[in-house]
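Student: Chain residues, written in single-letter form:
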Amino acid sequence: MSEPIREKPLTKNFSPGEAPFDLKQYESGGGYQAVRKAMTEMAPEDVTGVVKEANLRGRGGAGFPTGMKWSFVPMGDRAPKRKYLVANADEMEPGTFKDRLLLEGDPHQFIEGMILAAYAIQADVAYIFLRWAYKKAEALLGKAIAEAYEAGYLGKNILGSGYNLELYLHTSAGRYICGEETALMNALEGKRPIPRTKPPFPQTSGLWGKPTIVQNVETLCNVPHIVANGADWYKSLSYSGNGGTKLFGASGKIKRPAIWELPLGTPMRELLEEHAGGMQDGLKFRGVLPGGASTDFLVEEHLDLPMDYEPVMEAGSRLGTGTMVILDDKTCPVGMIRNLELFFTRESCGFCTPCRDGIPWTHRLLDAIETGDGKPEDIDNLDFIINTITRMLGRTFCAFAPGAVEPLQSGLKYFRDDFEQHIGEKRCPYAS
Amino acid sequence: MLTEEERREIEEEFEHFDYKQAVSVDALKIVQKHRGWVSDESIKDIAELLEMSPAELDGVATFYNLIYRKPVGKHVILLCDSVSCWVMGCDRMRAHFTKRLGIDFGETSEDNEFTLLPMQCLGTCDHAPAMMIDETLHRDLDEDKIDGIIERYKG
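Chains E and X supply the protein sequences, listed in that same order.
Be aware that the first sequence starts at 1, since it is given in the numbering used here, and climbs by one per residue.
Be aware that the second sequence starts at 1, since it is given in the numbering used here, and climbs by one per residue.
There's no promise every hint is true.
What the hints assert, rightly or not - The calculated PhoX-like cross-link candidates involving lysine-lysine, where the alpha carbons are at most 25 Å apart (straight line), are: (1) E:K135 x X:K74; (2) E:K135 x X:K145; (3) X:K145 x E:K253; (4) X:K33 x E:K136; (5) E:K413 x E:K375; (6) E:K156 x X:K20; (7) X:K70 x E:K191; (8) E:K191 x E:K135; (9) X:K20 x E:K210; (10) E:K135 x X:K70; (11) X:K33 x E:K143; (12) X:K33 x E:K135.
Worth flagging that the hints you see were computed from the coordinates, not collected in a lab.
Only chain E is shown next, with the shape it has when bound in the complex (with noise of 0.2 Å):
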């Protein structure tokens, strides 16, 4: 492994307490220099070539090579005519704060991004999919927008080029499920935002049947400096064969929650001890949703773990969001597991049998047992689902039930005295 040049190419426009850089300042570091070297010096093809190179790995949570999405878009004079670009600013993943962060810390960066995203598909038009909660970088990204559209980034002819893009803002009202892309193109289309089957896959028929990307926000602000300075460049920023720094985060009974942009595959004990500063006073660290709430638990035996998608897979994990949600050992994790499956409950779109139902199952039990009424066979009952749904994979419309059943899983088998405990007490332990 080795060891990586420390640059934080994402994060270095950040002024915390100030307004994000404008369109001068933004140009002035440099900014939009990505998209003048794409519309004249490179092809679209060039553009997916080099983010392929570069090992570029969405950061929304799946982790699919990014370049590698955008080549399944027809090209071409005999690709249909309207393609589409759509940024996924839905961030609602519990306890994940990133791309807030960077929609908030600087827009320009973002839109560049997309600029260059939609040039390499040859998009006609591109949509930010932004949440209903995101008021200040909704206020932010109209400003951005509006810049990058008076000095040409943007609409007709962008820079001579004969390239024309047109980006709207759309901001949705609320509901985890429009995170999903295809839950969000039908969200687009405003249609009932549930999954669509796939195939077809959004690349060849998305948004109203044409030839759609959707990519994370985060995924998005890596382009530039990709295009900029050279796929080398960006390998040598991670630890690993996975281009980039990576976001990380940590929140909970820590003493320094927050976000540090670091290279890809920096070991967790480093965030939590070092970026974190340790568990607060008087409390000890018990286990860690790694990237959202949708990932299994890893416990202490892992903090040694870098923070990269292959290890904290073979760990049983996923890498998802990067920012990770600590458990102490005063909290008890059958009410926090029981806090995930009301989430997931209330967040299932209904449309498909494992997931409107068994999750709401999953709910009920941990109810009772962390509230005194558990049964030692509930904990069975809570096996059978898991497996049920697990059996499932690739059956379900989309990975929204395989993934609320992930901390179930984990937390059952690392954490499986306390659920045996509250079942025979008859209480939570952990209550005062």
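Fit chain X to the supplied structure of chain E, relying on the hints for placement.
Tutor: Relative to the frame of chain E, chain X by itself:
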């Protein structure tokens, strides 16, 4: 009947899309902005303008947690109860609202000032517990802070 202003605002959204139905959420939000909620009558009126069936539009409206199909109070409190806020004590905040305002999730206070609703993770987990009141974010909550905030909104 939609007002002239509502109709104009909805029609302005048409230019972002090739299809009228695509503005359904924008249209619902526009009407809600003017009237506080979306009535059955508004559903019919918007559906007609967007060339949708009222049933399909209602399927959209009832899906979203931030489209209100029932009247709400003057201020809507959106208390995050997702996992980071739960670890940091959002249940206590909820209990405090119940104590101070006499309302739990889904309820509106008798004086019609406040409606309390649960909210998905607000993406500000380093400052949990958090909530929004109307369109303003409030973070690092505790009981005292909530008391101060309630007083400000009551005024």
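Student: All hints, please: hold or fail.
Tutor: Going through the hints against the structure:
| no. | hint | verdict |
| --- | --- | --- |
| 1 | E:K135 x X:K74 | holds (19 Å) |
| 2 | E:K135 x X:K145 | holds (22 Å) |
| 3 | X:K145 x E:K253 | holds (20 Å) |
| 4 | X:K33 x E:K136 | holds (18 Å) |
| 5 | E:K413 x E:K375 | holds (18 Å) |
| 6 | E:K156 x X:K20 | holds (24 Å) |
| 7 | X:K70 x E:K191 | holds (21 Å) |
| 8 | E:K191 x E:K135 | holds (23 Å) |
| 9 | X:K20 x E:K210 | holds (17 Å) |
| 10 | E:K135 x X:K70 | holds (23 Å) |
| 11 | X:K33 x E:K143 | holds (22 Å) |
| 12 | X:K33 x E:K135 | holds (15 Å) |
Of the hints listed earlier, there is not a single one the structure fails to meet.
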